[in-house]
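Colleague: Listed below are the residues making up each chain.
Number of protein chains: 2
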Amino acid sequence: MFKGGKDMNEYSVIGKPFPRIDSRLQATGQARFAADFVLPRMLFGKILRSPYPHARILNIDTRRAEKLPGVKAVITGKDTPQIKYGFFRSGMDRPLLPADKVRFIGDNVAAVAAIDEDIAEEALDLIKVEYEELPAVFDPEEAMKEGAPRIHDFAERNIATERHWNFGDVEKGFKESHYVREDRFATQVTVHGYIEPHACLASYDSSGKLTVWANTQVPFLLRRDLARTLDMPYHKVRVIKPHVGGGFGGKILLIGLEYCASLLSKKTGLPVKIVYSMREDLSFGNRRVPQVYHLKTGVKKDGTLVAQYAKVICDSGAFIGPGPLTAYNTGLAFMEPYRLPNFKMDLYRAYTNKVFCSPQRGHGQIQTRFAVDLQLDMIAEELGLDPMEVRAKNALQTGEVTVSGLRIISSGLPEAIEKAAEMSEWKKKRGKLRHLNRGLGMACSGFPCGAMLTAQSDSAATVELTEDGKAIVLTGASDIGQGINTIAAQIVAEVLGLTIDDVTVLAADTEVTPYDPGSFSSRVTFYAGNAIKLAAEDVRNQLATVAAKRLVVSPEHLQFRDGCVSIKYSPERKLPFAEVVRAAQMSGPEGKIIIGRGSFWPRNAEWPDPVTFAGNASGSWSFSAQVAEVEVDKETGQVKVLKVSMADDCGYPLNPLLAQGQMEGSVSMGQGHAMFEDLRIEDGRVINPSFMDYRMPTALDAPREHESYDVITNDPVGPFGAKEVGEGFINASLPCIVNAIHDATGVWVKELPITPEKIVKALKEKGG
Amino acid sequence: MFKGGKDMNEYSVIGKPFPRIDSRLQATGQARFAADFVLPRMLFGKILRSPYPHARILNIDTRRAEKLPGVKAVITGKDTPQIKYGFFRSGMDRPLLPADKVRFIGDNVAAVAAIDEDIAEEALDLIKVEYEELPAVFDPEEAMKEGAPRIHDFAERNIATERHWNFGDVEKGFKESHYVREDRFATQVTVHGYIEPHACLASYDSSGKLTVWANTQVPFLLRRDLARTLDMPYHKVRVIKPHVGGGFGGKILLIGLEYCASLLSKKTGLPVKIVYSMREDLSFGNRRVPQVYHLKTGVKKDGTLVAQYAKVICDSGAFIGPGPLTAYNTGLAFMEPYRLPNFKMDLYRAYTNKVFCSPQRGHGQIQTRFAVDLQLDMIAEELGLDPMEVRAKNALQTGEVTVSGLRIISSGLPEAIEKAAEMSEWKKKRGKLRHLNRGLGMACSGFPCGAMLTAQSDSAATVELTEDGKAIVLTGASDIGQGINTIAAQIVAEVLGLTIDDVTVLAADTEVTPYDPGSFSSRVTFYAGNAIKLAAEDVRNQLATVAAKRLVVSPEHLQFRDGCVSIKYSPERKLPFAEVVRAAQMSGPEGKIIIGRGSFWPRNAEWPDPVTFAGNASGSWSFSAQVAEVEVDKETGQVKVLKVSMADDCGYPLNPLLAQGQMEGSVSMGQGHAMFEDLRIEDGRVINPSFMDYRMPTALDAPREHESYDVITNDPVGPFGAKEVGEGFINASLPCIVNAIHDATGVWVKELPITPEKIVKALKEKGG
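These protein sequence lines are chains A and D, in that order. For the first sequence, the positions run 1 to 768 when the numbering used here is used. For the second sequence, the positions run 769 to 1536 when the numbering used here is used.
Treat the hints with care, since some could be wrong.
As the list claims (entries may be wrong) - Distance condition first, Cα-Cα at most 30 Å in a straight line; then the derived DSSO-like pairs of lysine-lysine:
#, chain 1, residue 1, chain 2, residue 2
1, D, Lys1529, D, Lys1079
2, A, Lys128, A, Lys267
3, D, Lys784, A, Lys209
4, D, Lys1360, A, Lys592
5, A, Lys764, A, Lys296
6, D, Lys940, D, Lys1518
7, D, Lys1518, D, Lys1195
8, D, Lys1518, D, Lys943
9, A, Lys640, A, Lys758
10, D, Lys977, A, Lys16
11, D, Lys977, A, Lys209
12, A, Lys84, D, Lys1360
13, D, Lys852, A, Lys592
14, D, Lys1532, D, Lys1402
15, D, Lys1064, D, Lys1526
16, A, Lys766, A, Lys296
17, D, Lys1342, D, Lys1317
18, A, Lys209, D, Lys1360
19, A, Lys592, D, Lys977
20, D, Lys1402, D, Lys1197
Hints were generated in silico from the structure; no laboratory data involved.
The following block holds chain A by itself, in its conformation from the complex (with noise of 0.2 Å):
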């Protein structure tokens, strides 16, 4: 699994496949996730959602509903300071229970609070709410018409987020393009399919003190948002993150129940519980925007990249949730991996009365990859290049700055890309199969290791210690099922030479552990395992001091293996590590208990230019390159991935196992999104929510095989040379499996999903 790279013996603990340190935990049952919380006379809440996709609050008759026995609360719009919620200080768009008008089908109406579900159920059908319906739009492009109905009074021809990027001189760049070609890319809507629904507990007590149980990503920002909106000082909040069922950008966002039950708690002065159905989730829960592409590329006759126009769509749903953020990182996706001289991108994102949109894995990149990736093979072809060799050429390169001011301080991307055509046979293989109904299709990622837009601040950490030589660490990251407390405890583990099992990870309870502001943008391991790393070693360098004096050594001599901390040029020289740890701390008057702190940002990295969006925005870049091979049935469009050949240039696999589980992961979900996956919704009403009408990849579907190398690159800013896994990967799995069904098929569908039908309808045109 592990090929290449670095000697691994340089490490004890980093670097070595463990499993997670959770995963039994969750194998047996016994992990708690926010649904499994109970507390004594604890109630059941429920929301009550608006029926229509746009209309106007006249009047709300809660009376019924609070005289049914068992009910002990009803809110409404009236019972909030309406204050409006927004990822972004720049979009405070929404009311989370409003007072005026709904904006979609499922925006919060009321909610309930009863001694059990079925009376909180019933209470709902009590409330008798008075509409009057107003016109609604669906379509983007149709919203921004003059004239279209306007969803927010504040946004003009309902434009949410409207970005215009231009870098080099894009005109003279075609002018000087040897090949330029226009076409229309589009994306569906997906959703994030975690298999944990959104559930929180809330309990507001006699002291002021509200305490929210709540499967989020972000337990600070949460703790921010819910201060925020309901007018409370943030030290009364306190957030709590149990085990957490997938998150992939999904439980970022507020989408209302952490809100509803508080303030239900806070007016009935008890516990509230309020746990969403998949049903509801997938109703009326965020997901990701849909994207429109007008790309307009040139290329010289080798097929280098000279310039880029795109003109891009995205349907933001009723509000605007990570809008400014995913216009960002649609931007930045033209800027890597690909080395692009001229850049031109006219953006908007539009408001209809539909679900709004949320961070997603691969966030506002996987689009503009699809759309890049796919457009990149189609001028291969027409120049009759190897699309292997054009992207080799166009590959960013360590050492290099892009034209947006994106340092790249370590790239493995050409040597993935020779991987990837090695495993998959690229070159045997590709373009000579398609007699066999088979093909190979290549794609590559760039990925920011947190982009600078979303972090508001350092990740930090402390480390303490037992009185037998154990380490307890503190940290705000968020483990969602990534893996980051594994991560956390191998890192304080090698800084201290301890084994992973003699760390204990105390992780995301916002008044337990240090400011961390959470899981996404793939920052986590990057920022958070920086801080961890920090504090460790702050730990390290109090105790070799009190080592020191007994070996009578200076500190620098030391080092910290196995248990013990040695001199290391004569390593029979050592103290047992628990010695030591008793000797700084328990010793009397001579003692002081150990307090490691760490605080991490990338230095390096820098405010993108609130106008021309330059700027080196992250403190790194991970890269991949992936070929899928894919078999298809000319007959029923059926297509089955055979192999997927996967490189990945994350720095440095802090633990390959789980960087795997990143890569397959990936794969799976592009694949998914690729052939599969599409949220239907008319007239604003989604008509599929359920995974047996929306349609994700199963084990059945899985490629017949999945081959990996980890490019090594050891990252100069990343702790212990690692760069983010989760999350760009995906952009490539998506494109690649697109290009392998044009290798073996022909044609191009351009329109995400690639259903059967689709891909049977263009066989019939390309053979008429």
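Take the given structure of chain A and dock chain D to it, following the hints.
Modeller: Using the frame of chain A, we list chain D on its own:
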């Protein structure tokens, strides 16, 4: 309430009478105590106890109990590693679930976990235990005789602890004395009288982690003791202290339930809760050691103490408990509050087949104060001196060093004696009201602020900040009702210039909060208070550098007051605290998450010499003087306490309301010990295990009037000049009442408690 001393206006939060920050939660019933916690699939545990004071366990048949439907596990000594437990390494004498023999009525024999309490109770009846009864011994002097039954194999003549102190030259002292007298004094068995019996919930999970919610005074020591006795690493054991309904020293030692619940949880893989009934707690819990004093004292003509010799016999019960510390405190109490140039003590603590003894408020010292302060009044009477003046003459003063090496860095005792006399109209009333059956009595006390023997290390704390500029303090200190959480909030608020409401206190969770030995030996405010102060100052210093840049001034000229950071010499130049916090933490690349850390140990304290027990065992010493005025019904022997005048030197009362509470509580407890409380043990069996039969003072018994005065000495080591206030005070509360009864009646009763019967009997004898 708060009189005299220094100008309060120097501080904005310190020195103000805030009610406890958790009082509203507790008053509204929302505070969660150990017994309130529930977990899914939780089991209930019960403990089977020995019916014999001393017996060999021949066989335990648990088969019928195991077969009872609903029973999930039964454990006996066979299931445990039989690692012996003890509060000190020196005295590991208790297997928490013995396999060989039982040593007192109530010793743990087996434990059961079942789906409800009734089934667990029923299962106990189904366990068949074969015992071989052994001869038992209940009197310590009997126990030390040759041929007495041996309770522990290792203990020659059943001696658990033996101490021989010798300072100065006692024989010479007695020769030089003008007057020498000898008396025998005896103290009774008293219980702590907390209103919450022992309770815990233990949850062992498949990751090998044990979490215990327990009403302990010492979460970190409980972690240590459970880890040791269960043979687990410390970092796999998490102890969480919820709200606690009083401890007074009774929730320090392991008494079995946490151990049994943990073992049962380990065996079943399910959470197990054990809650003691008050009857169980009073019958089988731990209590104050009864001590017999043969006290010989020599004085000069003017009452100046010259020499004292004490032979002390202590009844340890079946295990040593905190014996070595109790013995130390017993000797220590001769060294303060009075100057004593020559002292000799022979102390023997013997095992007996009775419930064992633990620390209790006034630990080991109250018994000595009873003997010494009584005898001092006897001596004064014999010599025709005013016992108040005798005390004033012998009172330790600031700067003195005792013959045993105690360094008195601050003493308000002389002023306290003067003020207590004033408040009580001593000169006018004392010795002059016997015709009215009324009398006054005085007594004094001194006390360590954490005796070294107990403290294993520093107390530590961290302080962090929310984005909106509020503070969260993490401290291991354990609030058991005394109010350290409130003091913690006051200290942080004072240092950072915030209000008490701007601070959240998170305490006493061994996985979360920095190490703290716990609540005992009156160390909490002195140790933890200083640690918290240091952590807050660390935060302040980091913020000051940020604010200094913005205000263009050097940091040392800044002050933190009223929610602002301002320049001392021109306060109008200021920044809001929250703005400074944002600038420090949330300003992107320049920012850094601020974590303040503090760790404290009084560097002026030293370990007592292991042989002579000389040495300054505490960072400082508190003092008090009290006068009780009583009225005695000579027919019935009933005693009314009319007034207690309380003058206390706690250095500086950080919260006068809480200090007052401690003083009045001490007076009540002292009154109970003096007049009512007596745990009757016959043939090893407690015969009055209920608060109906074990008589504690009620509101009706309370003194008609309390008058108090705080002597301000501003201790140089204590936080904001504070010393202990919760414990030492009681040591004078008891004897001053006894002395008052003598002043009213002319009779002496030297054996506690002084019941109406004893008074009537003594009056008869005197009369006759």
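Colleague: To test your reading of the hints: which numbers does this structure violate?
Modeller: none
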